[in-house]
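Enquirer: Letter by letter, the chains look like this.
2 protein chains.
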Amino acid sequence: MDAAPLAHGGDLGAARLLFPGAREPFVDLSTGINPHAYPIPRLEPEAFRRLPEPAAVRRLSAVAAKAYGAPSAAHVVAAPGTQILLPYVAGLVPSGRAAVLAPTYSEHVRVARLVGHVTTEVADVGQLHDADLAIVVNPNNPDGRLFGKDALLAVTKDLRARGGLLMVDEAFMDVGAAGASLGDEVACGNIVVLRSFGKFFGLAGLRLGFALAAPEIAARLNASLGPWAVSGPAIAIGEAALADLAWAEAMRASLGREAGRLDEILTEAGLDVVGGTSLFRLVRTPAASELFHHLGRAGILLRRFAEQPTWLRFGLPADEDAWIRLRTALAAFPP
Amino acid sequence: MDAAPLAHGGDLGAARLLFPGAREPFVDLSTGINPHAYPIPRLEPEAFRRLPEPAAVRRLSAVAAKAYGAPSAAHVVAAPGTQILLPYVAGLVPSGRAAVLAPTYSEHVRVARLVGHVTTEVADVGQLHDADLAIVVNPNNPDGRLFGKDALLAVTKDLRARGGLLMVDEAFMDVGAAGASLGDEVACGNIVVLRSFGKFFGLAGLRLGFALAAPEIAARLNASLGPWAVSGPAIAIGEAALADLAWAEAMRASLGREAGRLDEILTEAGLDVVGGTSLFRLVRTPAASELFHHLGRAGILLRRFAEQPTWLRFGLPADEDAWIRLRTALAAFPP
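Here the protein sequences come in this chain order: A and B. At position 179 of the first sequence (counting the first as 1) the number is 179 in the numbering used here, and the numbers step up by one without a gap. At position 261 of the second sequence (counting the first as 1) the number is 261 in the numbering used here, and the numbers step up by one without a gap.
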């Protein structure tokens, strides 16, 4: 089984071991990260040198609250990526039953178990109502399913009656349907929304993410993270990028066009696109393993799924050369 | 009480509120961060854009193991600063009795309580033997006390017999006595050593720190942090800096000379230097509060301690102008 070293996307080191001699540079389509990164502003040396100041984190939180529709900066927790928040969020409720709407990002099940929850994967929102911790990725990764606000709020209401919590991972909500985020609903007290910065802004290496939650929950999460959770560069870049609503709007439109182009190429190659978002497309094919290896040998890395052997996820090519390489390699399949 | 907004060093925003109209730029002596930062190498855009790859983290861990004297990369956990590790390390033992060698960095008591330990502060190493979690900062902050390896290993042995753990925060060990680190002793299984990157290398805003521990403990900590805990820039800069042993050696010598110069200036001003390391000096004076405010009004920020009202900690001035401003302001005290 060679899936283990590629449990997550973006691991070109492992890809090179799996496909020695593949064409370089690798075209990495294995993530859902925007290949058109937000332009990095000039960083002051102080951003690297000094401890991040509380006032700077408050400014970042205020900008994030506005960008993500949270009621105020007090409803925002800034973190070095959302991944590192998962154990703290999952630990907000005493060990009990966690239900994860699946199939989805595998870390949610792993972390819910790690912190002591008896964790089950469920297929639809209706099965979340009797959990102590309900976890939904919205829109879902990798199939792009979008869960309605009303249905999620109904879950929240039932959970609240029993001290339960809904965690909504909105990692890809920047390209989700307008108005679908639960960021403006967190004041009710038992919803935690996670927002990734690095995916939509194409800066995954920076490590920046947010939890949106009621102020008392946000305070608990901040107490666990401690002071200085977010780096100086992440604060500076995050503040600039999240305030740049014009960039975001133009990027959303542009990513939508590129996702359409990707669908055309995939369909032209005889593949069924069964879901996704503007940052990735999901293909289902019985030839998934062969196609993964065919493209891998051509230096194009996809995301495959150990539990879903007929699925392949395609991220967006970064430039015209990458688009041509993908189209050419697909045209030569099956070999 | 105006201490609250300055609970930690480095908060110039709070200093400006406390000392409106103070001379600018502020001379920040309130931290123990090296004012002579490691030169930041050119960073590839990919460091910001791509998810950090597992192989890159392994390389960083290997360099850190060598720099810190840990047995191997498997004994190293890379994190976005050591602060964020504290709850995970304190949570390695079931809730019980935590003993913190005090007075010291206040976050250890706060976090040990946060994760559920009944936490007491003790005055010497001999009082750590019956704890479930013993916490020592070595050399200690702010008094610079250095605790002997034999005494700490004796604590470890007693704790091990009862499933207890010793956490040694070696945040300032880069300027500690040679051979005093417990980094080469972590294989025994119940020692976790924390090493800060940002203090000695003057890059606190980068957020990088390490835990050194037995591989099974390191794996537990890594499981909590999840993939991608450390940013791309932190990996790139950390790898370069930790491998640069010549820079470290020269910097240690240079910081030692500057600490000596600081002692001269403080002594000349009639102050008692009662401890410290090469990155900060501790003064005890009944006029601590007056001196803090006198220097604050002159745009020089010190670190004071709510629990120790006669203490003031002085970091190293960054440049000749800052040295002169400190000497001049001290000469005008008492006003």
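The set of hints was computed from the structure by calculation and includes no laboratory data. These numbers were taken from a predicted model, which means no experiment stands behind them. Treat the hints with caution; some may be incorrect.
For the chain B half of the interface with chain A, some residues (derived, Cβ under 10 Å), not all of them [claimed, not checked]:
1. A102
2. V122
3. G126
4. L208
5. A223
Idealized CB from N, CA, C, for every residue including glycine.
Enquirer: Hint by hint, which ones does this structure get wrong, listed from lowest number up?
Expert: Of the numbered hints given earlier, those the structure breaks are 1, 2 and 3, listed in rising order.
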